[in-house]
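**Student:** As a plain string of letters, each chain reads:
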Amino acid sequence: MPGNAFVSGKIMVDGVNLLELSEKEMEKYRGTTVFMVLQNPFTSLNPVKTIGYQLMEAARIRMERGGERYSEDRAYEMAIQALKDLRFPDPEIIMLRYPHQLSGGQIQRVVLAMSLILKPKILIADEPTSALDVTIQAQVINLFKQLSKEMETAILFITHDISLAYVISTRLVVLYAGRIMEDGDIESVIREPMHPYTQGLIAGVPDLSKFVSGKVKLQSIPGNPPSFLDLPSGCKFHPRCPYVKDICKVQEPKLTRVNNRIVRCWLYGG
Amino acid sequence: MGMPPIVKTVNLRKYYLAYKIGLLDRLFGKKPAWVRAVDSVSIEIEEGETLGLIGESGSGKTTLGKLLVTLEKPDGGEYYFMGEKVTEDKIPWVRQQVAMVFQNPYSSLNPRLTVKEIISEPLGHFDEDKVREAMEMVGLNYREHGNKRPRELSGGQVQRVAIARAIIKRPRFIVLDEPTSALDASLQAQVLNLLMDLKEQLKLTYLFITHNIAVAYYISDRVAIMYAGKVVEAGDVDEVFKKPMHPYTQLLMKSVPTIGRKELEPPTGEVPSLVNPPPGCRFHPRCPYVMPICREKEPQLINTSNRLVACWLYQQQ
Ligand SMILES: Nc1ncnc2c1ncn2[C@@H]1O[C@H](COP(=O)(O)OP(=O)(O)OP(=O)(O)O)[C@@H](O)[C@H]1O
Ligand code: SF4
Ligand code: SF4
Ligand SMILES: [Mg+2]
Chain P
1 MPGNAFVSGK
11 IMVDGVNLLE
21 LSEKEMEKYR
31 GTTVFMVLQN
41 PFTSLNPVKT
51 IGYQLMEAAR
61 IRMERGGERY
71 SEDRAYEMAI
81 QALKDLRFPD
91 PEIIMLRYPH
101 QLSGGQIQRV
111 VLAMSLILKP
121 KILIADEPTS
131 ALDVTIQAQV
141 INLFKQLSKE
151 METAILFITH
161 DISLAYVIST
171 RLVVLYAGRI
181 MEDGDIESVI
191 REPMHPYTQG
201 LIAGVPDLSK
211 FVSGKVKLQS
221 IPGNPPSFLD
231 LPSGCKFHPR
241 CPYVKDICKV
251 QEPKLTRVNN
261 RIVRCWLYGG
Chain X
1 MGMPPIVKTV
11 NLRKYYLAYK
21 IGLLDRLFGK
31 KPAWVRAVDS
41 VSIEIEEGET
51 LGLIGESGSG
61 KTTLGKLLVT
71 LEKPDGGEYY
81 FMGEKVTEDK
91 IPWVRQQVAM
101 VFQNPYSSLN
111 PRLTVKEIIS
121 EPLGHFDEDK
131 VREAMEMVGL
141 NYREHGNKRP
151 RELSGGQVQR
161 VAIARAIIKR
171 PRFIVLDEPT
181 SALDASLQAQ
191 VLNLLMDLKE
201 QLKLTYLFIT
211 HNIAVAYYIS
221 DRVAIMYAGK
231 VVEAGDVDEV
241 FKKPMHPYTQ
251 LLMKSVPTIG
261 RKELEPPTGE
271 VPSLVNPPPG
281 CRFHPRCPYV
291 MPICREKEPQ
301 LINTSNRLVA
311 CWLYQQQ
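Each protein sequence line maps, in turn, to chains P and X.
Each residue of the first sequence is one higher than the last, beginning at 1 in the working numbering.
Each residue of the second sequence is one higher than the last, beginning at 1 in the working numbering.
There could be a bad hint or two in this list.
No farther apart than 20 Å at their CA atoms in a straight line, the calculated lysine to aspartate or glutamate pairs in the EDC-like style are these [stated by the list, open to error]:
#1 K262(X) with E192(P)
#2 K262(X) with D161(P)
#3 K20(X) with E92(P)
#4 K254(X) with D161(P)
#5 K262(X) with E92(P)
#6 K262(X) with E150(P)
#7 K20(X) with D90(P)
#8 K31(X) with E92(P)
#9 K149(P) with E298(X)
Label-pair ranges, simulated between beta-carbon atoms [said to hold, decoys possible]:
#10 I293(X) with N46(P): 42 to 52 Å
#11 Y268(P) with E117(X): 30 to 40 Å
#12 G83(X) with R30(P): 52 to 62 Å
#13 P239(P) with S108(X): 49 to 59 Å
#14 L96(P) with P285(X): 19 to 29 Å
#15 K149(P) with Q250(X): 26 to 36 Å
#16 N147(X) with G178(P): 18 to 28 Å
#17 S154(X) with P47(P): 24 to 34 Å
#18 G178(P) with I293(X): 54 to 64 Å
#19 E121(X) with K84(P): 41 to 51 Å
#20 E84(X) with R30(P): 28 to 38 Å
#21 R30(P) with S108(X): 25 to 35 Å
#22 K73(X) with V48(P): 21 to 31 Å
Read the hints as simulated data drawn from the structure, not as lab findings.
For every residue, glycine included, the Cβ atom is placed at its ideal position computed from N, Cα and C.
The following block holds chain X by itself, in its conformation from the complex (with noise of 0.2 Å):
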C-alpha cells in the first residue's frame, strides 16, 4: 500500500446563514435559509503534487480552503489528513503543518506589525534565525526589509512576506487562495516562479486556487472544477484542459480572452442560486446538452477513464 492523500475530504460540507434572522422574523416563523457554500465536496490531494482549483465566482473555493487549513469548521463530512481523521483534538496537530496565502495581502496582513513581527507570528515568539532564513528563501533581505511594514512595500513584496509567513513553520501542505491576482504580469510570473522553487526545496504539497486559466495551467499537476458549491470535474492538468469533459468546464475554455479574439462567449443563462440550488445537476439550466433526467437527479462524481466527472453524458442513467 502507498502513502495516504496528505489531504482527503469524504462529503464535507460548509452552509452558512443567508442572512441575520431577527426574533420578530423567527416568532413569525421565518425559517432560517441556508448558502451552501461547499456541498458534499469529496477530494484528495496526494503528497507533493500541486492541485489547482478553478471555478465560478462564489461556487466555495475560498471556503474549502478555509476547511482544509481549519479556519473554519465543517457542517458535515469527514477530513482525513496525513490518513488521520480531523476531529476537534488533532485541529492543534493540523495547524502545525498547514497554512493559508490570502488573494488580496495588504488587507491580509496586520499593517502595524513589521515584516519580520509578520513572518514570526505563526512561531508564537521570535526567532531572528528562522525569519532570516524564511526571508532569504523568498527572495527578500532581512537588514533592508525586516524593519518596514507592509504599505512600504511593493505589490509583489507583500506577497512575498506573506509566503515567507506561510512556510516559516515548515508546513507540508499550503493553501494558496489566487496568490498572484494582484500582480502584474512580470510580477505574477516572478511570484509564480519562486513558489515553483519553494515546493521543490522544501517538498511542499499545494492547492492553488485561481480563477486565471492559464496559471491553473502552469502551476498545477492536477486540478478540479467546482461549480456551485460542488466539484464537477477533476484530472490531470493537461488532459482536462486539452479535452473538458464536463459541459461547464467546455464553456470555462471558451471564456478565456486571448490575444487575438475580439468576443467572448460566455455561457448564457442564470447562475445558480446557492440557497435555492436546481435540482438534479446544478449545471442544468445552462447547460447545452441538458437531458431529462438533469433534471431529475443529481449526477455523482465517478471515475471515468482516468478522470472524475459529474454528469450523466459518462454514466449510465
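Pulled out of the complex, with its shape left as it was, chain P reads as follows (with noise of 0.2 Å):
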C-alpha cells in the first residue's frame, strides 16, 4: 500500500485484525493466509528474475509455512504442475523465461500460478482473467472453483464482467465510488438488479444472446465515475441516477436489508 494510503475500520482473518499486527507479524499471513493476484499482474513479478525462480521461490515459502523441509525438486515439480494447471505448453521454457519475453495473458496466469502453489485461505484477485481469451478464462474459472471446493479457499473475486461474476461467484457485491450498493445472492441481484447503478451494469453487458443484424449503439450510463476527490454530496450515484429524487442530492442512503438483499439507496427506504 503506498505510504500516503489511510485505512480505517478493522480487517478481520480468523478472528484477527490484521490492521493490528506489527510488520513481522504480518509477514505470516502473507501468501499463505491472503494472497492477491493483482489487475496488472506485472507488478507483481520481479523482472530480472526468470519466471522459475519466482515460482520455485512461492514453493518454499508455502513448503516452510506447512512445516515440510525445502526440497528443490518438490519445489520445481510444483511449479511446472501449476504452469500445466494454467494451460501452459512447454512448461519448462517457460520456467527459463523473464516476465518481458511473455505475452499479456501469460504473465496474467504466471500470477495464477503462484496463488495455486501458495494455496491461501483468502485469495483476493482482481480482474484475474482480464487478459485471457475465453477459452482459457474458461479453464481458469474451473481450476477457481476446484481450489475454493477442495481447499475451501475463500475467494473475493473482482471484476467488471458481469457474466463472469455470475459464473464464479454465489454471493454478488457491487460498489459504487468505495461504497456498497448493492450485495446479496448472484442469482437473485442478476435476475432482479434492485439499485440504478446495477441495472444501468446489467444493460450494459454487451449480450451474445441480443445477436441482431444491424448494429445499435451499447446502452451506456450516461456521465463518468466521480473523482474520489470531488466526490458529490448525498447519494454517490446521483449524478447519473435516472430516478434521483431531491433527498438524494442531499444525503446519503444507509444499507437497509430489503428481503435477503442489502441495498443502499433511497427508492428503497434508505
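Two independent chains are provided; combine them into the complex using the hints.
**Tutor:** Structure representation (C-alpha cells):
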C-alpha cells in the first residue's frame, strides 16, 4: 500500500485484526493466508528474475509454512504442475524465461500459478482473467472453483464482467465510489437488480444472446464515475441516476436490508 | 480494379528465441529453440473496415499487431501497405500512417509526461491546436486535463489519452490491442462507442484485438481467429459467430460466460507448443473431429462459401 494511504476500521481474518499486527507478524499472513492477484500482473513479478525462480520461491514459502523441509526437486515439480494446470505448453521453457518475454495473458497466468502454489485461505483476485481468451478463462474459472471447494479457499473475485461474476460466484457485492451499493445472492441480484447502478451495469453488458443484425449503440450509463477527490453530495450515484429524487442530493442513503438483499438507495427506504 | 487492401500480408512470420542461450550451452552443442509467434499468416484488411482478431492467449495476436505497425521486424513473408511492398526504406512512410493502442494504458504511456506532451509526442514537436483538437475528439478537455499526468486520471480517461495520441497524426490504420479490457462495463461501452464514432469521422481502418467475443461482435465487420501462430478462420462477423466452421471457433463460442449458464465447457486437451508445434493441423490434439490426415498434413487457409477456413473437414484431401 502506498505510504500516503489511510485505512480505518478492521480487517478480520480468523478472528485476528490484520490492521493491528506489526509488519513482522503480518509477514506470516502474506502469501499463504491472504494472497492478492493484482489487476496489473506485471507489477507482481520481478522483472530481473526468471519465472522458474519466482515460482520456486513461492513453493519454498508454502513448504516452510506447512512445516515441510524445503526440497528443490519438489519445488520444481510444484512449479511445473502449476504451469500445466494453467494450460502452459512447454512449462520447462517458460521456467527459463523472464517476464518481458511472455504475452499479456501468460504473465497473468504465471501470477495465478503462484496463487495455486501458495494455496492461501483467502484469495483476492482483481480482474484475474482480463487478459485471457475465453477458453483459457473458462479453464481458470473451473480451477478456481475447484480450489475453493477442495482447499476451502475463500475467493474475493473482483471483476467488471457481470457474466463472469455470475459463473464463478455464489454471492455478489456491487461497489460504487468506494461504497457497497448492493449485496445479495448472485442469482437474485442478476435477475432482479434493485439498485439503479446495478441495473445500469447489467444493461451495459454486450450480450451475445441479443445477436441482431444492424449495429446498435451499447447502452451506457451516462456520465463518468466520480473522482474520489470531489465526491458528489448525498447519494454518490445521484448525478447519473435516472430515478434521482430531492433527498438523494442532500443525504446519503444507508445500507438497508430488503428481504435477502442489502441495498443502499432511497427507492427502498434508505 | 478496386482499391488494393490497406493491409495485406503473405506468409508473414515472426520467431522469437525461446530462451537465452549462453556461450557454454553453445559449446556443448545446444541448439537455439524458436517460438513461432506468427507463423505464415496471410491476411487482408480493406480500407475502412474493422477486422476483429480473436484467439488463444499467446497465439500471436499482439505480435501480429506489432508487425503491422512496424514495431517488430518480420523474419519472413511479405507485408504490403496500401498496395506497396514494405521494405526497410518504406518503414518511415508506413509509420506516418499507422498507430497502435495498447491494452494497459498506465504502463504504455510515459508516467512522467503530461497529457498534452504524451498526445503531441508522435508529432515530434508540440502543436497546441492539434493537441486541443485531438483531445476534444476523444471527449477530454484541454484546459482541465492537458496538464495532468496519467496517474491523476481514471482508467477510462487514460485510455482516451492513448486514443488521442493514436489519432493525432491522422493515421489511416490503427491497431487496437485489447483497448477496453481494463475498463469497467459502463466505461467499456463509452470507449467502444467513441472508437466507432472516430472511425466514421476520420475514415479509419482498425485491427481490433480482443478476447471478448461480445465486444468483437459489436465492433467488427469481419473477424479472424488465431490459434497457435496461425489464422484458422476468417469471415463476416455475423456469419462466423452464427455458424462457426472451424472446430476451434466452435469451442471458443461454447466457452463464453453468459448469464444463466453456470457451467462452462472449455475445450480439453493440451494447448499446443509454439516451440514444437504438433505436426499437421495444430488443433488436432484437441479436436473432436480429428481424422488421420489431420495428424500428417497441415490444412491451408482456403476460401469456402465466402469464408476462409483452415480445416480438412472443408477441403479435398
Ligand atoms: N520477447 C519475446 N521473447 C520470447 N518469446 C516471446 C517474446 N514476446 C512474445 N513471445 C512469445 O510469443 C508468443 C506470442 O505472443 P503474443 O504477445 O503475440 O501473444 P498474444 O496472442 O497477444 O497473447 P495474449 O492474448 O496473452 O496477449 C507467446 O508464446 C509469447 O510467449
Ligand atoms: S438514492 Fe436516489 S440517486 Fe441514489 S441510486 Fe437511489 S434513487 Fe438513485
Ligand atoms: S483439420 Fe482436422 S484436426 Fe484440424 S480442426 Fe479440422 S478436423 Fe480438426
Ligand atoms: Mg497480447
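**Student:** Between K20(X) and E92(P), is the straight-line Cα distance small enough, at 20 Å or below?
**Tutor:** holds, 14 Å
**Student:** Against the 20 Å threshold, does the CA-CA distance of K262(X) and E150(P) hold or violate the hint?
**Tutor:** Measuring from Cα to Cα gives roughly 19 Å; hence the hint holds.
**Student:** Could you say whether the range 25 to 35 Å given as a hint is met by the Cβ separation of R30(P) and S108(X)?
**Tutor:** holds, 30 Å
**Student:** Taking the Cβ atom of N147(X) and the Cβ atom of G178(P), is their distance within the range 18 to 28 Å?
**Tutor:** holds, 26 Å
**Student:** Could you tell me whether the CB distance from K149(P) to Q250(X) stays inside 26 to 36 Å?
**Tutor:** With Cβ atoms ~29 Å apart, the hint holds.
**Student:** Tell me if the beta carbons of E84(X) and R30(P) are separated by a distance inside 28 to 38 Å.
**Tutor:** violated, 56 Å
**Student:** Confirm or reject the claim that S154(X) and P47(P) have a C-beta distance inside 24 to 34 Å.
**Tutor:** holds, 26 Å
**Student:** 49 to 59 Å was suggested as the range; check whether the CB atoms of P239(P) and S108(X) agree with it.
**Tutor:** Roughly 31 Å apart at Cβ, these two residues miss the hinted range, so it is violated.
**Student:** Check the following: the C-beta atoms of Y268(P) and E117(X) are separated by a distance inside 30 to 40 Å.
**Tutor:** violated, 48 Å
**Student:** State, for the Cβ atoms of G83(X) and R30(P), whether the hinted interval 52 to 62 Å holds or is violated.
**Tutor:** With Cβ atoms ~58 Å apart, the hint holds.
**Student:** If you draw a straight line from the CA of K262(X) to the CA of E92(P), is it 20 Å or shorter?
**Tutor:** violated, 34 Å
**Student:** Note whether the CB distance of I293(X) and N46(P) lies within 42 to 52 Å or breaks it.
**Tutor:** holds, 46 Å
Hint violations for this structure: numbers 5, 9, 11, 13 and 20, all remaining hints satisfied.
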